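*Asks:* Residues per chain, in single letters:
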Amino acid sequence: MDYSQFLAMKQEIGLLAVFLLVFLYDTFMPRGAQKGLPVFTTVLMLLVTLGGFCSYCMAPGGEVSAFAGMYVTSPVIAAIKNILNIGVVIVLIQSIKWTNSEAMTMRRGEFYELLLVTLFGMYLMISGRHFLLFIIGLESASLPLAAMVALDKNRYESHEAAVKYILTAVFSSAIFMMGLSFVYGLTGSMYFNDIYFALTSQRSLLLVMAVAFVIGGIGFKLSLVPFHLWTADVYQGAPTSVTSYLSVISKGATAFAFLVVLNQVFGALYSQVWEVMLYALIILTITVGNLFAIRQRNMKRFLAFSSISQAGYIMLGVIAGNAMGLAAMMYYILVYIFSNLAAFGVIGAIENATGKVSMDDYKGLYKTNPRLSVAMMLAMFSLAGIPPFAGFFSKFFIFTGAINQGSVAIYVLVLIALINTIVSLYYYLLVVKAMFISDDECVVPNFRSACSERLGLWISVGGILALGIVSYFYNSLLELTGVSEMTAYFIG
Amino acid sequence: MDVTIPILILAIPLFMFVFLGLTGMKMSHKVAGILGTCGMGTVLVLAYYTAFQYFFSGADIFINGAGERLQYLVFDQTWLQFTENLVIKLGFLLDPISAMMLVVITTISFMVHLYSMGYMRDHHGVYEHGFQRFYAFLSLFSFSMLGLVVAPNIFQMYIFWELVGASSYLLIGFYYTKPSAVSASKKAFIVTRFADLGFLIGILTLSWYTGTFNFTELTSIPVEGMAGVSQVNIGTAEYVRGIFANSAAPTFMGASVLTWALVLIFMGGMGKSAMMPLHIWLPDAMEGPTPVSALIHAATMVVAGVYLVARLFPLYLMEEAALDIIVVVGAVTALYAAMVACTQLDIKRVLAFSTISQIAFMMVSLGVARPEFHHGLGYMASMFHLFTHAMFKALLFLCAGALIHAIGSNNYTEMHGLRKHMPITHVAFLIGCLAIAGIIPFAGFFSKDEILTACFGHSIFWYIWMSAVAGLTAFYMFRLYYLIFWWKEHKTPEGHHAPHDQPWTMTLPLVILSVVSCVAGFVPFGNLVTWNGHPMFESVDFFTNLKALDWSVASISLLVALAAIGLATVMYRKENALPSKMRNALPALWTWCFHRFYFDELYMFITHRIIFGCISRPLAWFDRHVIDGTMDAFATITNKASEVIKPLQSGQIQMYVWYYLVGALLLGGITALCVI
Amino acid sequence: MEITAIYYLVPALVMFCCGVYGFITRKNMIAMLISLELMLNAVDINFVVFNRYLYPEQMEGMFFTLFAIAIAAAETALAIAIIINIFRAAKNIDVRSLNEMKF
Amino acid sequence: MESVGSIILYFIVALSMIVFSVMAVTTRKILRAATYLLFTLFAAAVVYFMLDYEFLGAVQIAVYAGGIVVLFVFAILLTSKPGDNTERLTSKSRFLGGLAAVATLALAGYALVSRCSMAFASKPVMEAPDMQSVGEALLGSGHGEYLLPFEAVSVLLLACIIGGVVVARKR
Amino acid sequence: MFSNILIYFVVVPVIMLAGLGFCRNIKQIRAVAVTGSVALLGLSAYVLAEYLAIRATGNTEPMLFTGSWSWFEPLHINLAVGVDGISIAMLILSSIIVFAGSFASWTIQQPKEFFLWLILLSTGVFGFFISVDLFTMFMFYEVALIPMYLLIGVWGSGRKNYSAMKLTLMLMGGSAFLMLGLIGIYYHSAPEGGQLTWNILEIAKYDAIPHGWQQFLFPMTFVGFGVLGAMFPFHTWSPDGHASAPTAVSMLHAGVLMKLGGYGCFRVAIYLMPYAAKELSFIFLILTGISVVYGAFCACVKTDLKYINAYSSVSHCGLVLFAILMLNSTAMTGAIMQMLSHGLMTALFFALIGMIYGRTHTRDITQMGGMMQIMPYLSVCYVIAGMASLGLPGLSGFVAEMTIFVGSFKAGMAEYLAGAGSLKLVFTIIACCSIVITAVYILRVVGKLLFGPVYDDHHRTLTDATWWERFSTVTLILCVAAIGCFPNFFNNLINTTFTPEIFRVLGM
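For the protein sequence lines, the chains are B, E, X, Y and P, in the order given.
Quick note on numbering: numbering that gives the first Met the number 0 labels position 482 of the first sequence as 481, and the sequence is numbered without any gaps.
Quick note on numbering: numbering that gives the first Met the number 0 labels position 165 of the second sequence as 164, and the sequence is numbered without any gaps.
Quick note on numbering: numbering that gives the first Met the number 0 labels position 59 of the third sequence as 58, and the sequence is numbered without any gaps.
Quick note on numbering: numbering that gives the first Met the number 0 labels position 109 of the fourth sequence as 108, and the sequence is numbered without any gaps.
Quick note on numbering: numbering that gives the first Met the number 0 labels position 404 of the fifth sequence as 403, and the sequence is numbered without any gaps.
Heads up, some of the hints might be wrong.
To be verified - Listed next, the in silico DMTMM-like pairs over lysine to aspartate or glutamate satisfying Cα-Cα at most 25 Å (straight line): (1) Y:Lys122 with X:Glu56; (2) E:Lys177 with P:Asp456; (3) B:Lys9 with B:Glu62; (4) Y:Lys122 with X:Glu99; (5) X:Lys101 with E:Glu642; (6) E:Lys177 with P:Glu60; (7) E:Lys25 with P:Asp463; (8) Y:Lys169 with B:Asp438; (9) Y:Lys91 with X:Asp93; (10) B:Lys355 with X:Glu99; (11) Y:Lys169 with B:Asp25; (12) E:Lys177 with P:Asp455; (13) E:Lys88 with E:Asp1; (14) X:Lys101 with B:Asp25; (15) B:Lys9 with Y:Glu144; (16) Y:Lys80 with X:Asp93; (17) P:Lys111 with B:Asp438; (18) E:Lys177 with E:Glu600; (19) Y:Lys91 with E:Glu642; (20) X:Lys26 with B:Glu350; (21) Y:Lys122 with B:Glu274; (22) B:Lys366 with P:Asp455; (23) Y:Lys80 with X:Glu99; (24) Y:Lys169 with X:Asp93; (25) X:Lys90 with B:Glu156; (26) E:Lys645 with X:Glu99; (27) E:Lys645 with X:Glu56; (28) E:Lys177 with P:Glu112; (29) X:Lys101 with B:Glu350; (30) P:Lys111 with B:Glu440.
What the hints assert, rightly or not - Listed next, the stretches of chain Y that the computed footprint assigns to chain E, with coverage defined by at least 3 CB atoms under 8 Å from CB atoms of chain E: (31) 92-100; (32) 119-133.
To be clear, the hints were calculated from the coordinates, so they are not data collected in a lab.
The model shown is predicted, which means the values in this text are computed figures rather than measured ones.
Ideal Cβ placement from N, Cα and C applies to all residues, glycine included.
The whole structure should be built from the sequences, with the hints applied where relevant.
*Replies:* Structure (structure tokens):
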């Protein structure tokens, strides 16, 4: 028994330390100091993020494996976690106003504790190389979220969303575990590595069903069509900060986990089994997400469907199945975090100030709140993939990465995805239209958003503007993934 | 030869156009008019000088030892280079016909400039609105027309061809507030544009095969040792035909490509020269101010088609089929126009149809010209007629202008009996009529006689046909003459001045042109203008033309003309019942003639019903509803699809998981079916 | 007669399908939760059976089941908390009443 | 060859597993459903015992039967009103549910059966794992040992407690 | 990087954008717009002069002023710039129209936002023309597209929402195909084992795209750019879009943005995939040939001035693509000339229509008449624009069309005599017919709108052009006339680009 192996899990330990500190602060600090908790957590999280960067910079490189291969970390994985951390920091900054509100007094600490645990779960999903660890991570990442969704006690939607989320999530994990049991039956192990090698020569209906169930289980969290139906309701019902967390961090982490599972567990089945499945899922996801997004008037619901279709684009990076695809995917998620958080930042600011979340309330927003509308517009353009904003680059690179795979089918897939970008552009422009073009009198009066909200928005907008044009980010990501183990199985 | 004068000939009108166009509104009417006229006067002098130099200086660049007139390329500047060989150049080519045209154009143009000073103002001496613009346009036209005739290559010709079309458009539409003028100008432009399409394709075909646009290569051979000098020669044309023959040129619908090219080019000429069936714009073009009609639609622009054929004559000689087509088109047009002219009521329309008819004479003359017959007499006759016709037809139009200016109407049923009030105009008009009728010794007699002789030499059928047309010409001209100047005059309504002769600016051109119409017939054209520059006569004096007459032809044509005049005298000298009796005797013929054989209606049908009604409108509809509808349908379908799949998101988690499970099962099941 | 693996797998699968059926048809949220427990339990049996019959030399399946039971307990607890929560808000636990948000 | 007793036991267990799960999802009284669930869970525990996983069987009875079902019963008592515990199922939802269930059964069942080597493997002779090895595996860090998941699941449980508390709290 | 002159075509607009940020009133905004556009004009003139000077020394590099700076290095994406005669022609065109457009929008509402978008649009345009890297090219291409949405949506008129959305979506639809095509080109850019590249010059040099792939990628890129070039049947954004757009936007869009399509078709589709261009040109020849006459016929019966012009643009831009597909240097030269010519005259048209509309508040020619009496200056300009459009010699339309026809006829005859069918020939003749139809609709408008009696007496009180309007139109007219009078200058500028290696596959 070598407990020093825990030391390999620097980021997880850092996170748990923050969790502990927050817990202690929440429990023992006097009531008067409780208002400092959000900032306290944010600063700690920022430190963890910075620490993560340092450790990744100082890391000797290559893969570190602990617990007999149950846990793996590497520069790429550290980078992925860092990307998530950055997103979390922004979410935390944006949520300061909300958590400090009157209604949240009793639940402030719990919000942060739950959030940190879910993040911990996501870390495990990304780093875990054993299905038991993976499923614990998956559950840690989803069960506390259900509680977070229910945090807004004054709104019925919040409760409804929580019920919908927890019931479907448990159903999904049951299906997922069923799939895992088939995998176990076929291979006799839960270690990714063992399964990979055991599956190299197996093909059977049972295996295909297992893969389908596993994809369903993870696709649920990623909200791939047809496993996505909870998404919109939950996004709409959850408090805005939770929604933004759900839509970017949870989704981003799951996407990486998905990549890991598909490549390192089922890598040998790529061309026979899950490539085709992913084709179908991607097309369905992008298309259905877009079609639903067209008709939404509630901004949060609208962004839910938009994020569904974005998930489809993220999956293109998975299907590429190579270093370029991985880099493109990481980059896409990074950009997506900034873009979506900018959008949610604006929505949150307006919701906190006036309680309006309908697109109709945004009509003429430019006249009353020009800065917020510009931030929103940049977010929309970035999500739609309009240059020179970061979204354009991420879209372009993910398509480039996907096509690198080289088959004719991928061209068709990318073409369908590209045609769908037109539809997505349409509904993103609807928001822009409402804010800039509509002549209606705006129901949202001019207001001054909180410092924290503005800071969050500035960071997001800065990301939108800089991430694309400054090539450093993508280049270094690609450099990292070039020597990554995450795709090694697949390539080999 | 010095290039300054040729450049000035082109530059001065262009400058006047730009200058008057830009600053005209700032200067007084009178100054603008005088400036324009002086500018044109200068050009007149320069052009006369150049023509004189060309014809009479005897310099070896203009005439060779054998007395053959040469082509001299004064200058040639690359303007647009398509390929190594195909280059559009802007240049100045002097040869018999271009020198002759220089004289014609500048003369008439100057007369019109002068005349307009009087014409373009009302009885109180107030200048018309847009007077400066009028002079600017006149300058533009003069520039374009001069550029056209001196073009050394077919593309320059095309360029200026378009420009004259545009200036004609602007001048016809000068009274732009009048809807009829606007539509007439539009019609003129579009019809000629349509013809130019043929011209363009013809040029493209010709130039693709021959690899050049230059006349000096298409129709001439260079004279050794002298830069820029070449001689019109059938040999070059033979060479061109050789190219067409050797390049395995396919035949198209039974005719060789060269024939097609030439016919298409002739189509351009048909448009500009108002040959049937592309003549319909010319009568309408009379909506323009009368001096414009005199200049553009009688004397110069409308003969551009004749000029074009004359330019390429050696090529046409190679393809007799093309020449035959020209003869047929010309002859039919001549007869048609003459018949129509007999019935028209508008003085300018009669003159317009007369013009069509006379130009058709020139065309026929070119068509029947063959080198083996009197050194291509038809060619010379055609050019001669072009020259004389320009003079007397301009005279007639200017007279008509004077009448219209005096009466205030185009309709000669309102004129009657003006000979006492307007004696100068009367005499001038009479001279013009005599000239066009072909009465010795007026100019028209000689040129028309040469044409008939040429016809006679080619085919007796066309000879008889054209003689008949000549008779008709005399008839309708004198009908016009009698109706205007004889008959009983109308009473002048109270408060109106009695019609009287016009100021000197208007009468002077009449007098000058009358004199020219009287004596132009004696110009020894046969020695100046022949198709290959070879002189027709050993020596010349004042009576050369008279001596050279083929009296057998001349006397017959004279008799026919006199008979026709007599008939006109009987019918129209006084108001009587004969005309209406004749009309009743041949009602169908009269109606058809009166309605110009319904050509306008036919065109209206084609343009409005077929082009607009059956093509444009359906296409526009198709565009909006089918093409655009398809694009909109994409959006609609997307929205519809969004509506259709709405129930998926029912809000019921049990349905959510149902879709989840079924989705997963299908995903697995279908994949399994595919891969196992 | 020999009791092979399939003799356990099929009843487990039937249990799983009953869970599916119950989850889709029952209107009471707690009944749905009960159905979910059936499903999870079926998975557990699968793991144990595979472990015992196919890979008896290791204990992967058993441990998975062990942890799965813990996870199931946590899930159930949280789910019941949330259901009680909604019961407070809506005064019933009929899943059909969760239709505030749709389309 | 199995002993007759174990075959009889098997049939009893298998039948009760199937019958009680069917009844759990079809009964109209919610409290009965919880009871049938309990029986099913007991049957599962018996399966564990039959397969020589005594520890697992004990955990099953303790956690599931003892903990979760009780939780269910409390929740049912908290949330149900008199006369509320009968529900009518629409035929549409029954059809859809049945379809999904049968499809799953058919597909997965066929998949299992079609893997003959796996489906028809017979039970090897093996003793129940002794508690020593179970404990070592739970706290070891090597291959086939589960220290990390053990720690992780503790975090999960903590989070669920916090979550449960925050959700259930009235304000 | 900043030692390369071309970079300033992007830097100047970016500085303008920054400058606009500091503007407080309309005067400052105008000052920034005018200074910036003059700077761009000067820059393009300077580049032209330098270019000619360098070429005069016998330099035969395919592109001059080349520079390449690594951007996304692992993907081999560079910020690569370079110009040849065609790009320079386009740069000049763009700067002239930006210049004229600034004056045409002298009194626009919300000037700051308007100019921000307008300049962003021109940044895209300039960036596109200087790029030789497919990625940057595409990026600038899209940068140029999206401001259109807001420009039309906010400052437009009529069904502006519908039109703006339609325009944006259709153009983005085109660019979807385009993106796929470009990525495909990238992956086949180098021969087996070579380093992949986005650089157009290198791709052309390698000429390694397999023929099979060319046949797939060529239609993608051609359609992608063709949508912007208003190719039938993807042209329907153009009438609606133009009809709703504000004056300067119509000018820029029809004048420059549509040229991106033609330019791209040449520079990417044909230049990089000549084999497929040769094989597949017939399909697009048919489509563009249809565009030419179809647009003209449709214009004949429309009554909205902007619709007429938009359809006229469809016709003229169809001619551009048509000529490019003829695959010989004369026709291609003609195509580029036509781009220049059409850009200028259509900008003039739209400027005039905007000015007239700004006064009469109607664009329906049946509701107007006799404008010549009311606003003679604008009317004369309109006649000049019309004459340029119908190909009057001395104005730009004529030389462009003639070059195209000569080139196309040459190509058609060559094909015909080679026994390869008469498609090109037939469509050349069909395209020639457009000169007649063009005359019909131009003269129809001129006749109805400018001539004739005054239709509406309320119009009598309207005023003629203001000084900035005059300035804008005079600039354009001078340019139109300059091309028309001295075509050989432009011809030589463009012609030098069509070096034999472009036609390496075509056997010409």
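*Asks:* Now tell me, hint by hint, if it's right for this structure.
*Replies:* Against the structure, the hints come out as follows:
1. Y:Lys122 with X:Glu56: holds, 12 Å
2. E:Lys177 with P:Asp456: Holds, at roughly 17 Å.
3. B:Lys9 with B:Glu62: Within the cut-off at roughly 14 Å; holds.
4. Y:Lys122 with X:Glu99: Judged against 25 Å, a Cα distance of about 52 Å means the pair is violated.
5. X:Lys101 with E:Glu642: holds, 13 Å
6. E:Lys177 with P:Glu60: Status violated; Cα separation ~59 Å.
7. E:Lys25 with P:Asp463: holds, 16 Å
8. Y:Lys169 with B:Asp438: violated, 45 Å
9. Y:Lys91 with X:Asp93: holds, 17 Å
10. B:Lys355 with X:Glu99: This hinted pair holds, its Cα atoms lying about 17 Å apart.
11. Y:Lys169 with B:Asp25: holds, 19 Å
12. E:Lys177 with P:Asp455: With Cα atoms ~16 Å apart, E:Lys177 and P:Asp455 stay inside 25 Å; holds.
13. E:Lys88 with E:Asp1: Distance ~19 Å between E:Lys88 and E:Asp1 Cα, so the pair holds.
14. X:Lys101 with B:Asp25: Given that 25 Å is the threshold and the Cα spacing comes to 37 Å, the pair is violated.
15. B:Lys9 with Y:Glu144: holds, 21 Å
16. Y:Lys80 with X:Asp93: With Cα atoms ~12 Å apart, Y:Lys80 and X:Asp93 stay inside 25 Å; holds.
17. P:Lys111 with B:Asp438: Holds, at roughly 18 Å.
18. E:Lys177 with E:Glu600: holds, 21 Å
19. Y:Lys91 with E:Glu642: holds, 23 Å
20. X:Lys26 with B:Glu350: violated, 34 Å
21. Y:Lys122 with B:Glu274: Judged against 25 Å, a Cα distance of about 37 Å means the pair is violated.
22. B:Lys366 with P:Asp455: violated, 38 Å
23. Y:Lys80 with X:Glu99: Holds: Y:Lys80 and X:Glu99 sit about 23 Å apart, inside 25 Å.
24. Y:Lys169 with X:Asp93: holds, 21 Å
25. X:Lys90 with B:Glu156: Holds, at roughly 15 Å.
26. E:Lys645 with X:Glu99: With a Cα-Cα distance of about 15 Å, the restraint between E:Lys645 and X:Glu99 holds, given a limit of 25 Å.
27. E:Lys645 with X:Glu56: violated, 52 Å
28. E:Lys177 with P:Glu112: violated, 46 Å
29. X:Lys101 with B:Glu350: holds, 21 Å
30. P:Lys111 with B:Glu440: holds, 21 Å
31. 92-100: With 4 residues close enough to chain E, the hint holds.
32. 119-133: Our answer is that it is violated, as 0 residues pass the Cβ test (under 8 Å) against chain E, missing three.
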